[in-house]
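Protein chains in written order, with the numbering used here: chain V, 1 to 325; chain H, 1 to 325; chain S, 1 to 325; chain G, 1 to 325; chain L, 1 to 325; chain Z, 1 to 325.
Among the hints, a few may not be true.
[What the hints assert, rightly or not] To spell it out: a stretch of chain L is covered by chain G in this simulated footprint if at least three of its residues, at any positions, have a beta carbon under 8 angstroms from a beta carbon of chain G; those stretches are:
hint, stretch
1, 46 to 58
2, 105 to 117
3, 179 to 190
4, 312 to 324
Hints were generated in silico from the structure; no laboratory data involved. All values reported here derive from a predicted model rather than from experimental measurement. The beta carbon of each residue, even a glycine, is placed where N, CA and C say it ideally should be.
6 protein chains.
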Amino acid sequence: MALFDLPLAQLRDYRLDRPEPSGFDEFWDGTLATARRLALPPKLHEVRTPLSGITTYDVTFTGYAGQPIRAWLNRPSGVAGPLPVAVEFIGYGGGRGLPIDWLIWASAGYAHLVMDTRGQGGSWRAGDTPDPDEHGAGPSTPGFLTRGVLSPETFYYRRLITDAVRAVETAAELPGVDASRLVVTGRSQGGALALAAGGLAPDRVSAVVSGVPFLCDIRRAVTITDSNPFHEVVRFLRANPLAAERTLDTLDHVDAVHFARRITAPAILSAALMDDVCPPSGAFAAYHAIPGDNKHIEVYEWDGHEGGRSWFDVTALEFVDDRLS
Amino acid sequence: MALFDLPLAQLRDYRLDRPEPSGFDEFWDGTLATARRLALPPKLHEVRTPLSGITTYDVTFTGYAGQPIRAWLNRPSGVAGPLPVAVEFIGYGGGRGLPIDWLIWASAGYAHLVMDTRGQGGSWRAGDTPDPDEHGAGPSTPGFLTRGVLSPETFYYRRLITDAVRAVETAAELPGVDASRLVVTGRSQGGALALAAGGLAPDRVSAVVSGVPFLCDIRRAVTITDSNPFHEVVRFLRANPLAAERTLDTLDHVDAVHFARRITAPAILSAALMDDVCPPSGAFAAYHAIPGDNKHIEVYEWDGHEGGRSWFDVTALEFVDDRLS
Amino acid sequence: MALFDLPLAQLRDYRLDRPEPSGFDEFWDGTLATARRLALPPKLHEVRTPLSGITTYDVTFTGYAGQPIRAWLNRPSGVAGPLPVAVEFIGYGGGRGLPIDWLIWASAGYAHLVMDTRGQGGSWRAGDTPDPDEHGAGPSTPGFLTRGVLSPETFYYRRLITDAVRAVETAAELPGVDASRLVVTGRSQGGALALAAGGLAPDRVSAVVSGVPFLCDIRRAVTITDSNPFHEVVRFLRANPLAAERTLDTLDHVDAVHFARRITAPAILSAALMDDVCPPSGAFAAYHAIPGDNKHIEVYEWDGHEGGRSWFDVTALEFVDDRLS
Amino acid sequence: MALFDLPLAQLRDYRLDRPEPSGFDEFWDGTLATARRLALPPKLHEVRTPLSGITTYDVTFTGYAGQPIRAWLNRPSGVAGPLPVAVEFIGYGGGRGLPIDWLIWASAGYAHLVMDTRGQGGSWRAGDTPDPDEHGAGPSTPGFLTRGVLSPETFYYRRLITDAVRAVETAAELPGVDASRLVVTGRSQGGALALAAGGLAPDRVSAVVSGVPFLCDIRRAVTITDSNPFHEVVRFLRANPLAAERTLDTLDHVDAVHFARRITAPAILSAALMDDVCPPSGAFAAYHAIPGDNKHIEVYEWDGHEGGRSWFDVTALEFVDDRLS
Amino acid sequence: MALFDLPLAQLRDYRLDRPEPSGFDEFWDGTLATARRLALPPKLHEVRTPLSGITTYDVTFTGYAGQPIRAWLNRPSGVAGPLPVAVEFIGYGGGRGLPIDWLIWASAGYAHLVMDTRGQGGSWRAGDTPDPDEHGAGPSTPGFLTRGVLSPETFYYRRLITDAVRAVETAAELPGVDASRLVVTGRSQGGALALAAGGLAPDRVSAVVSGVPFLCDIRRAVTITDSNPFHEVVRFLRANPLAAERTLDTLDHVDAVHFARRITAPAILSAALMDDVCPPSGAFAAYHAIPGDNKHIEVYEWDGHEGGRSWFDVTALEFVDDRLS
Amino acid sequence: MALFDLPLAQLRDYRLDRPEPSGFDEFWDGTLATARRLALPPKLHEVRTPLSGITTYDVTFTGYAGQPIRAWLNRPSGVAGPLPVAVEFIGYGGGRGLPIDWLIWASAGYAHLVMDTRGQGGSWRAGDTPDPDEHGAGPSTPGFLTRGVLSPETFYYRRLITDAVRAVETAAELPGVDASRLVVTGRSQGGALALAAGGLAPDRVSAVVSGVPFLCDIRRAVTITDSNPFHEVVRFLRANPLAAERTLDTLDHVDAVHFARRITAPAILSAALMDDVCPPSGAFAAYHAIPGDNKHIEVYEWDGHEGGRSWFDVTALEFVDDRLS
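Chain V extracted, bound-state conformation:
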């Protein structure tokens, strides 16, 4: 897609001036408190793979409302000492897949916890984690972005973001891990979750990597792109015009720009100027919201949502290595 968002010079100044919804902190504090109260210790069991250089564990920890969440833990084989740990979140529609899908961080010497995405994993990489929804949350467009969107309490992303914070807390307490060097990382939806975890668990997180993040400046994004998942909101509002304000208010509760404001760790983001899935203005809004100067945004002028591919992985690893050592 040709350039369609603001020109780069304006993006360099773009800030979200909408305040967070009132009660934002109470909402998340309460949600997280419940999850912690119901938390159980994680369960790990080693799984066999054809990869002799990587040791893999199938992890089950408790997320939102104490519900069980699956993850992979990959560690370099034969390395005992406390390792820095990276917690990875996954893009929209995918699940944790297979251990073989996640080799970069372990190859770089990290313990690598890859959180499964509840309910997702049915479209392009398999998942193993249900999304219980005992109340049932009203109609939705196919997809996850409008599931329960009529109130913050019932919204799907309330549950998923809570899982992400709980994954960080779980990672910090894994054996053989150096909790003082904990990275959160992801792209797209995973990048939004990294911002959320970085903002909701600032004491736990030492570095944030957020590539072409989703869920940033949502009110703007849904008006400038026709691509899914943001377009799911538009389709939903077409069917439910009277619910527009409630829906947008719910989405405000998960807008990653508000989480970015609470990040205290060094952070690296990326934005791609031709990205019609997660428009670059969102990434810049998040970037500018992060306090302080220990942050970087890598701009890919020609990319769509691929957003730098493994070029960004290398850049992010170097940024993190530099900050954690």
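Use these hints to put chains H, S, G, L and Z onto chain V, whose structure you have.
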């Protein structure tokens, strides 16, 4: 779409020779028994609309597992006597919308109960009914056709089909209704639910109208079309190749051809030869499965999934009038 | 389609500053005078349908140049008294279809005259009215928007708009009708015809309902959207570059904004901000052109050309009820 | 488009076994007799172009019902003697355009009469000929293939085919022309008209060139392709399901295979195996219908509707030169 | 495509303010000097075609680095005297095809040299000229616009533009040609080559015809359109983000705006406002760069990349006739 | 894409019965002999990456005609002993990218040589290897599949396949490698190269992994799919119809089914039944051509060209581990 399924002459003979899955009756008997045990009396309250000729009630009845299901009841204004009653089910993605969306049957002198579709109604016509899912049913492709598909017990359509049977039972007991003249009707997903309700509540149903029905001969359909919703199954199986047999077995439990075998009421179906959403072989398989001769299949040689539009409505009304009087 | 026309705040101020073409009144006065001179009394005969609550007549009245035009007249059965009457015009490509397609206004207590669209009705809803064109009007792009477009005299819409005015005049003289309560209504092409009839027959029309109207601010619309029917003009001008000014001048003669300036009845319009078929600036231009304050424009921020669906029907019915009673 | 029609080996044997509609000869004899009775002498006036090597005349002759039809006549400049003459018909949607568009046959030493296509010329090459239609022929899908299709008498192609025969008769009587060497030629719609003119004026025509002809074996074509113009028929029948048999019967009256049976001149056709606009089975059906052996079909195995481009022009010119000399 | 580039009023003022890359003249002088040093006399041999009015020669001349380049030479038959000569360059992807494809200029009394495009001719019109590349020029996106783009020396268009200049030099020395009346002409890629030849061989060229030229203001074009060939650059830069500046610098070396600045002959250009293949701002930038007033830009307000079709041919012929006589 | 190739039961029996082109062995023996004669020793230099667990070397070896070819060599860090070695070939359009892109085989304990693809790497993963072509090989469709396709000697894939064989020979002689355990592996184009290398260097190769291989049964593939790259051949033949037989004969020289006949190592292939890029009949033809029983084909019934994703990686690793130990 040009002709892509079997030629009409072969469709005229097309039958599904795969037997129903073992335990089919037990599965449905158990599910329905539970729903009935947890059932509460329906609640009706009249709603104001600009339509002086139609009186509308907002109905809440209990469906699967006693969960509340919404519906509209439209009746011709000022007609007291016991009316024949039509129970309508809705196409994929839509909810009950507004009372004004449903005027045909009331204009024809019927009490008309339009069942909302749990969880749907976020895409093209609004819905008002949540889909509680207390266990959480594992990953799914965006959409409803793979929600919980890893087992018949957790599958979304188990819940929805149960709602449909309960809607019939509810309609039969409404005041001012002649339960001996009860029609089930719908198109596409609604046509599949009409077949299901006709087969699972044969004692209640006096006539079945099923236009271009969905969920018929599913194993074949998913291999001959790329259109959604059937394509959702393909996408799910790509992400979850090891789950193919389980998934297809679950789908067998809701294949409307198996319900059609249990129908005892007169039935009218339609098939459209260029319908790539619900391929015509499915409709013919269902048609041939219905026992006896008191049935008709209206063929639209040139139509896609629009399947006769209001031409079929007229044909179906005449078929039903003829059978119920 | 994402937002592509002016932002809502600018639409709220958007006015067409181009004057109507010179001779506009003479052109229409002359055309209508001829049609009236050649007019014959309408013929009605009742038709049988399965709808006991609605009585339907097949109507033939005379339109442009005295040519016969078909219509349906639906009335609530068993209601004798003089009823308010709604004259409905149909969207592009469709004809009057079946009586069962038109139940809303009769259900609301109106006599409902649904005018067939000459020559149309071959694409999505059947029509029954030929479009005689004795002179033959030169080349056209497939479609109706360039048929005879090289001069106002030969243009297709000259004929169709005249039919619409004649439909109003016919409706006012039907038996059992209260001509002092006459509504014109329609969407898209039908919405343009409602504006035209309201402006050309201001003495006859008591209320105007025009949803996402077509043919408004045509010169702008053809440059900002690639969607048909407006794109038909672009294709025609590509083949006939020397005819551009003549073509645009002809189109000016049917631009509904000029008709809107002549409306004296209360009017309700709708605009959808993501409507690439009939861009919202056209609806706003028409809205602002209507004199006085007894008018309303309903804005659907998230809709494309579906433009509010039945939500708008309800809103429009309430607006009209309020004004006519 | 990949191979989708019959394999080449079966096409080599493919014949249409459906007989022509009864009254076929009477229908066309009567139509042509009327046209001849109302015919006037053609008018020619020279037009200036930048092409010194070609002399161009703007021709008006009388076609169907004596209506005026435009054409270009291009001749090599400065060559007096009686020239062989080629009558060219144009593809769907285009008109005669500019004289500069038609240089091949004059460069090859022919007088070249290029018939405009009534009503067309609004889509990709300009036209100058109206299509008067005094009766008005009922609803149609946008396009020309369903205009008046409810009866052979009112059908658009009755008029256009009559024009084509009259163009041949006109060409034969032009000054400076050797009427004993008269070629009819065209592609797609033009190829169908060449077959029609060759079959309806067998005494006039010395050679037929028909590239990837349209309108051949129409009943089959409309079921095997989704491309326009054949798809226009499908769309029309969807809107008018009750009119299917009448519509197909009308189309039988212009099926070029029936004209091909009457051709006595040498003929060259082409077929392209991946042509989804005019499927190759139609061209083969026409080819096999032509009596005798003085015929050739050039097969382009890899082409879509471009059907050999100028490779076929060269082949056709050589075929014709060989037959006419 | 709807209007997407600057509005016409701004295009009327649009100028490229980026200077040419340093060393631009040296780069081209050196390249051309080598080509001239290695040049051999052209070889012509007459070929037989079915066109008696045109005499055709198959020409081989030497282009870049003395490599052999094919061309057709079409002349009006039987005209001996020195003729004005037109050198034509071809659009992207096409080769010289067949002599029958090139009749306009010979019909207008010109000797017409049609240069084949090295390596192209595999997509829509056949070519006969290889593109030797002895060094091999690094990765490329499928297509020609990134072949060797990592440096000006290895870039494909260095070779092709040199061929174009050599074609002009060859044409000027053909027998029977009046070298003082030499036109360069082409559309799209051919229009860019006409600008390049006009600017690099100003002493040879008497008139420039450049329709909807490609390769103008490349840095802007690649950001405002998603259509190929410009999109090839974007795809390349996505795969090679570190090479962006080198790539753009190479493209600057062939930006036709820089060549336009060196044109001294009268020039006619065209621009189409809806052209997403070669956006109109590029044509205007080139037009404004041409010194002096003996120039014209024909604007097609409604066209895409077809850019005036044969209307422009006529306009251009008239412009040239007027200037050369 | 829905099922479009043969049904699975027929695929299980599908064999290519066309013999290899005459002179096939001489052609390849001669080509390889030249490459070996001009071969130079490979050059390796270590490169720094953020991956502490992997040691990477940038390798340059000599391929076709002694031309330099780049590769990455990844080895598990700190493991000295002779390792089994995997030679990987890359899919169409991609280059070797970054070392971080290739972690699976090194994580499984292999030395992993990833061969860059000459000229490719401009579309989705960067490449670093030019494709010198000193003779220039005539016109081509954008892409690589028709580059030089007019003769086997000039064809692009002659050069690339030679590179692949030379990569195997290079890998076998790397230090710290156990040449008796050498795997060739790849998907799509990489899968074709794996078959080619396995068949042309049978003494060197201990196991073959070929996922959804390209270039198998090419003559059939180009007629049953419209997807690139196979569609490039169709486009080329449309432009060059006279060259069809030469082109197909050239393609026969690289049809991987002929290479498969020469494989002596254990081999695992995959086929995806909905793969329209590399239709499954090609994979089955190759599979059946491999002599003996030590082979397996993994079938993905629901996949398109993703062909099993990492599920196949795991299956392939297990197959190879089992055969090499």
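| Coverage of the stretch 46 to 58 of chain L by chain G, judged on three or more residues with CB within 8 angstroms | holds (count 6)
| Against chain G, does the stretch 105 to 117 of chain L show at least 3 residues with beta-carbon separation below 8 angstroms? | The restraint on the stretch 105 to 117 of chain L holds, since 4 of its residues have a Cβ under 8 angstroms from chain G and three suffice.
| request: Check whether three or more residues of the stretch 179 to 190 of chain L sit with their beta carbon closer than 8 angstroms to a beta carbon of chain G. | output: violated (count 0)
| Residues of the stretch 312 to 324 of chain L with Cβ under 8 angstroms from chain G, three needed, outcome | Three-residue rule met by the stretch 312 to 324 of chain L, so holds; n is 5.
Taken one by one, the earlier hints fail for this structure only at number 3.
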